[in-house]
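*Asks:* Spelled out, the chains give:
Protein chains: 4
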Amino acid sequence: MARHHFVPTSYSNVIGTLPPVLEIASGDSVVTTTLDAAGFGGDGKQHAPRGNPMTGPFFVTGAEPGDALHVTIERMTTNRETGWTYSPLAPGVLDPAILGEMQKRERYEWAIDAKAGTVKLLEPSARIKDWSFPLAPMLGCFGVAPERKQAISTATSGAHGGNMDYRLFGPGATIAFPVFEPGALFFLGDGHACQGDGEIAGTGVETSFEVEFSVKLVKQAGLRWPRCETATDLLVIAAGRPLDQPLQFATTEMLRWVGEALGVDVVEASHLLGQAVRYDIANVFNPAYCVAARLEKTELTKAMSIVGKA
Amino acid sequence: MARHHFVPTSYSNVIGTLPPVLEIASGDSVVTTTLDAAGFGGDGKQHAPRGNPMTGPFFVTGAEPGDALHVTIERMTTNRETGWTYSPLAPGVLDPAILGEMQKRERYEWAIDAKAGTVKLLEPSARIKDWSFPLAPMLGCFGVAPERKQAISTATSGAHGGNMDYRLFGPGATIAFPVFEPGALFFLGDGHACQGDGEIAGTGVETSFEVEFSVKLVKQAGLRWPRCETATDLLVIAAGRPLDQPLQFATTEMLRWVGEALGVDVVEASHLLGQAVRYDIANVFNPAYCVAARLEKTELTKAMSIVGKA
Amino acid sequence: MARHHFVPTSYSNVIGTLPPVLEIASGDSVVTTTLDAAGFGGDGKQHAPRGNPMTGPFFVTGAEPGDALHVTIERMTTNRETGWTYSPLAPGVLDPAILGEMQKRERYEWAIDAKAGTVKLLEPSARIKDWSFPLAPMLGCFGVAPERKQAISTATSGAHGGNMDYRLFGPGATIAFPVFEPGALFFLGDGHACQGDGEIAGTGVETSFEVEFSVKLVKQAGLRWPRCETATDLLVIAAGRPLDQPLQFATTEMLRWVGEALGVDVVEASHLLGQAVRYDIANVFNPAYCVAARLEKTELTKAMSIVGKA
Amino acid sequence: MARHHFVPTSYSNVIGTLPPVLEIASGDSVVTTTLDAAGFGGDGKQHAPRGNPMTGPFFVTGAEPGDALHVTIERMTTNRETGWTYSPLAPGVLDPAILGEMQKRERYEWAIDAKAGTVKLLEPSARIKDWSFPLAPMLGCFGVAPERKQAISTATSGAHGGNMDYRLFGPGATIAFPVFEPGALFFLGDGHACQGDGEIAGTGVETSFEVEFSVKLVKQAGLRWPRCETATDLLVIAAGRPLDQPLQFATTEMLRWVGEALGVDVVEASHLLGQAVRYDIANVFNPAYCVAARLEKTELTKAMSIVGKA
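Protein chains in written order, with numbering that gives the first Met the number 0: chain C, 0 to 309; chain Y, 0 to 309; chain S, 0 to 309; chain P, 0 to 309.
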């Protein structure tokens, strides 16, 4: 149950079977830092090329293909006072018929006030000078080495995680990844100070963080997509295009999870999902869109809990 | 401000420019009943062919193309003690690769306990005998006559409303429809006792209701898709396929709404949506899928309120 | 086997159960005229509102739901010397990322030379002054009254036909429509002097025509989507969104057709389609996209022929 | 202009920046062999794990990011007498509603008769015993190392090529790939003895080949997607999901190609594509679907030719 402090000196713009930066054990936690999506750190300097450079990978002792790596985001502390977004909205989330009238997308700077817990435009126009959004940190891109020795761009996502850009992946969330390679090889980065559903600006408020995470290994878990437990919810996230596809994948994996954890058949699991499922559109901007199928934590879904398992 | 009691004697399986069953004025309310999706009423008898038979249309005095018809769902009272669903989940929401192993979809009966506020399977197996879902009534299909003298099946939806199957369209919600024909011609039906996101079972808990609704006319509103205000949220709902398309339409219309109501430009409206938008997948079962773009009601979005307008 | 000459005096912008303009018998042919997509006829005048106004409907004696109406396009003769298109390409067929740089779509006039069999821009720039395309007439929008008393806009398409905009629907093609209403109620219009795959300009070269068509009734045919036979091919066309969906529908109906006509099972029919199917993207512009699944007419597919059947 | 004979001893199931197996020069040709999709060679033995194992990569002297690598498939000779397919059709190409009734997909063996130029089932049932398809060899999966040091599974495709499964990629075709890494790093494999549009069985007739290809380097070509010239056509192929997306990418790149090669603006290029484009659905089975935008080689498109360029 060691607590490692890791200062990254190199970063990767792909998630794959790369040489590990640190070996850790199930139960350990790591305090480290992440760059923003453009490669800038807490010192305001660029340390890696743009496109979600990752800290890592961390090799988890004993992790084997078929296992699950449970990662708990223990803490995310912004380590600088600014972030940035693009505006107007990304072309893919708007009616194609109006795109001819949209102005060019440009970068905007934001002020992050960790004490006040707010995020505000640095130079708002008079009419929106009072606009303020709650600071709600999340990891945009993190995951494990994918199957078949692939090295996948951190622009996109898959069963291994990656650039999911889901606003519920913040402090307190435990995410279970299927392990495809020995050691799992966990990467993380691309933190957002806040973000709406869908990452429809093509960004959250992009900034750098000090992140503390802990890992647990669950042997032979048989996951097909990442699962997650938060304080209030249980969810599966999946990736693909169009949005129909990650919804199909996430629903199918949730049906498996419900069936296995609650000991029910497909008809019974369907009764539950049909009346109780919630869907979140995590991102509708990246090459692979992400959808989460989510169930509230209630007495009924109690047996689905993954926190504390190992 | 009359309160009409209307007992339907005929129903329609299309929404179009049909002879009105009653003329009402802006400000009036109507107490009436709706059949379930298969045409069965509170007496347990079938009164119309299956496929969301509609009560109506109600002609609203003075409504003209370009206006908005604001419909408030004042009350939905189940008028029988059972409902039904299908299970397992609809094929379109599952990974196509597993559909070969899925059993045939069959109908299941549910007990609705209005006093207890619960919905339960009538004959659950032992292992799920304690499962219970909160009664949360909603209108699956309602709307106004579409443009160009079309008559559109109540299986599907569009800018005129129709079979949107959105769980937030319950008591307390005010829905603003664009008016395409004189009198607007409002239809309603297809109530659900409860339903998860996406209507992924292909049904909610389908049943018949006594419904009370009121209408207000807003002249020259220029809506392109239905808008809605609930106790907590402001939202646009749109229809299309794949899910990407209604998301594009709803986002585009929400951008217009924010711009007009808050007096901001596209860049500023994008800042708001980018950090604060929520998406709900209303249905992912019908010929046209529906997605809602939603904003929480806060001080910031106060000027967007539509309730009480006329 | 009468040959009717019908001069239309009214047009419809929906396809539905409307009063017939003429009753005809199986085996009859009709010579009539069609307006262009904007409602303009051979006299250069507008006779109906824009949006594919239809000639018809023609009531076919004895046609009942479940039958097939076989329509052969015997001849299409342009009845004026100009047509029009839009340019640049429709936003939906381009990468959304470049749409911000595209100029506004505008209308362009074309010269149709029926004798030379060519279509050319009326006022080409010097560098494209020699561009010429072969005259290849086709009906963009035609079909029969849809099921359930719907009246469907001629902007879109479905199992009843409608705005399919498929370049193979020209002289010599026999199209079999499923019949949903007594008399079938056949409509036609929206002729193009030529058009590429997908109708990606949002138009073909739109113009008015004199059209001769003949009809045959096939009892109890059980079609789910329109089928067609040309001089060289057999095909099913289907409609939906995204393109994946009409491809699924057309492939499924083609699998049925192969199975029934050749007396083979699904595995055997799959061997044929897997090695020999061709897909055409008919339109990727209208609210419903259309895809054709096509097989070449060979000794192997001979038993699938529909021409001459009644 | 050397002609290399290369006997592979290792294979790769990803396409990425791997150590080259041979360095060749622009103008050179290579005679080598490819395994089938399951890793079996001309000797009937498995030499690599299933999933389109690749021969290569070949390092092309002087190739730099931004260049184009032109690969001409000079010859494909089957080096065994059998191939295999799956049947029935893949679930993704059928109406989801019928998948519950479909039998399990199974493997079928085919006889390849290179002399007769035919492909036939090895053990057909009596009723299809005369079915025969023309031998029409094609490379299913080939391409160059993708950008950003990614290593991408040979199950899928992208701007770098990969598993495009397009039936026009056979002998005589010249395919121009954008170069992303020094040396280009060309891989090839996954040959099919024949295949319909869309690879809807999830396979062509999968078999091993002796392949001869030649390469030419074109400096600073600025391609965004692979282009191709055959004896009769010029085309762009692109990848994505749903089918709408590769169609958008291929149309956009074709618009660039037309504009640059013919010296016309976007409006003029749109006139050409609107009236003359053809679309082929290359595959609708792999994780990324592929669509080709194609123009016939005529006097008008002559300046677009890429063959012989260097």
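Hints were generated in silico from the structure; no laboratory data involved.
Treat the hints with caution; some may be incorrect.
The list makes no distinction among identical chains, and a pair is therefore deemed to hold if it is satisfied within one copy or across any two copies.
Unchecked claim - Taking lysine-lysine and the DSS-like style, the derived pairs with C-alpha atoms no more than 30 Å apart in a straight line are:
(1) K301 - K148
(2) K44 - K308
(3) K296 - K308
(4) K119 - K301
(5) K308 - K114
(6) K128 - K308
(7) K128 - K148
*Asks:* For each hint, tell me whether it holds in the structure or not.
*Replies:* Each hint tested on the structure:
no. : hint        : result
1   : K301 - K148 : neither (36 Å within a copy, 43 Å between copies)
2   : K44 - K308  : neither (39 Å within a copy, 44 Å between copies)
3   : K296 - K308 : within (16 Å within a copy, 39 Å between copies)
4   : K119 - K301 : between (38 Å within a copy, 19 Å between copies)
5   : K308 - K114 : neither (34 Å within a copy, 40 Å between copies)
6   : K128 - K308 : between (47 Å within a copy, 27 Å between copies)
7   : K128 - K148 : neither (49 Å within a copy, 43 Å between copies)
The structure does not agree with the numbered hints 1, 2, 5 and 7 stated previously, though it agrees with the rest.
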